[in-house]
Amino acid sequence: MNESDKKLIEMYKTLPKKIKPPKDLWDQIDKRLTNKFSLKDSIAYFFNNFKDLILTKKYVFAYSLIGICVISFGLLFFFNVSNQNKPDTQYALAEKELQDIVLDYEKARSKIIKLIKDKKEFFSDETIVSIQTNMSLMDETIKEIKIALKNDPNNYELLASLTKVYFEETNLLFKTSNLMKNYDN
Amino acid sequence: MELNKLEEFELVKKIQKGNKQAFKTLYTLYVDKIFCLSYRMVNDSHIAEDLTQDIFVRAWEKINNFGFKSSFFTWLYRLAVNVIIRKKEKTNRIAEQEADVEIEELYKNDVAFESEKIESFIDCEKALKNLPNQARYVFILHDMEGFTHKEIEKIMNISIGTSKAHLFRARKLLKEELSL
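Residue numbers (the numbering used here), protein chains in the order written: chain R, 1 to 185; chain P, 1 to 180.
Hints in this document: simulated from the structure, not taken from any laboratory.
Take these hints with a grain of salt, some might be off.
Restraint ranges, calculated between C-beta atoms of paired labels, are given here [said to hold, decoys possible]: (1) N4/P to K7/R: 26 to 36 Å; (2) N64/P to S72/R: 16 to 26 Å; (3) K6/R to T28/P: 29 to 39 Å.
Listed below are the simulated DSS-like cross-link pairs for lysine-lysine, each with C-alpha atoms no more than 27 Å apart in a straight line [stated by the list, open to error]: (4) K143/R to K117/R; (5) K96/R to K120/R; (6) K62/P to K14/P; (7) K96/R to K164/R; (8) K107/R to K120/R; (9) K117/P to K7/R; (10) K13/R to K164/P; (11) K69/P to K18/R; (12) K23/R to K150/P; (13) K6/R to K87/P; (14) K175/R to K150/P; (15) K143/R to K107/R; (16) K13/R to K108/P; (17) K5/P to K87/P.
All C-beta atoms in this analysis are idealised placements derived from N, C-alpha and C, irrespective of residue type, glycine included.
Using the sequences and the hints, build the whole thing.
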């Protein structure tokens with residue numbers, strides 16, 4: 001390399017190493033990168049970041065998982081309880097309960113009628129009238145509720161009231177029956 | 001803005017995970033250098049713009065090949081040279097059809113240049129522009145950018161002897177043009 005070569009190289013080495021492009025090229029590059037961000041890149045991105053997700057962010061990942069489980073169980077419980085409290089379910093249960101109580105009621109009623117009939121002489125007229133009045137009052141109530149239920153067969157509230165009246169009357173009849181027996185003995 | 005090697009490597013790691021913002025930071029740092037190289041190689045600002053875009057898109061695609069053995073810029077620069085040389089046939093053809101290069105405009109638009117040096121720079125750039133393509137590539141890579149003939153052999157797919165011959169011719173023509 002002679003002196004003129006060295007001078008030439010020195011001249012060219014002093015030339016700027018940077019020239020600003022006439023316009024900003026980033027927007028075009030960004031557009032091209034976005035278009036190139038295909039499924040393949042997404043998969044590659046997932047695998048590149050998988051280690052970080054599992055290791056670096058394991059606590060976030062774990063707490064998120066616990067959170068999801070708690071919310072899921074909560075929702076399951078809520079829907080289960082809601083399902084139990086649904087009017088249709090309640091109605092079915094009340095209807096079944098009513099059938100059992102009606103059977104008990106019929107038994108108690110027959111028993112007390114028979115007792116009054118058989119042991120009439122042991123009771124005062126006042127007691128007999130009181131028992132008969134109470135029974136007829138309850139029978140009236142039952143009758144009214146049954147009419148209402150006929151018009152609105154899926155009304156759970158009415159069915160529940162009917163069940164309650166039957167239950168109370170059955171209890172009363174059994175108590176009366178037991179009192180009569182004790183009195184008899 | 002200047003980054004040390006560690007900061008640069010951190011950005012590269014983010015880019016490898018798909019962080020475009022980190023890539024934009026490196027783009028901002030190096031776009032002027034890459035455009036400068038492209039422009040000198042092809043002598044046309046429009047083609048140089050296209051090439052600069054190609055180079056950065058290619059860098060994004062190939063970023064996982066970066067092995068943290070050299071600086072990011074060294075890696076990017078070599079990638080840029082490869083992209084430019086591979087596209088040289090196409091760029092040469094288009095460059096011949098386009099109007100004269102706006103070198104004065106580019107220099108005068110950049111406030112970083114001292115005005116008294118601009119004339120000297122422009123003379124050098126014009127002389128470079130008049131070189132045959134192969135001679136120009138070899139001169140830029142060898143005398144301006146410090147590549148060896150062995151490296152040029154691989155990049156340009158020519159023999160070492162041919163590379164030396166191109167360099168000899170380039171220097172001779174430039175000295176004549178610049179009256180050295």
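Looking at the structure, which of the earlier hints fail to hold? As far as the earlier hints go, 2, 5, 12, 13, 14, 17 are violated by this structure, in ascending order.
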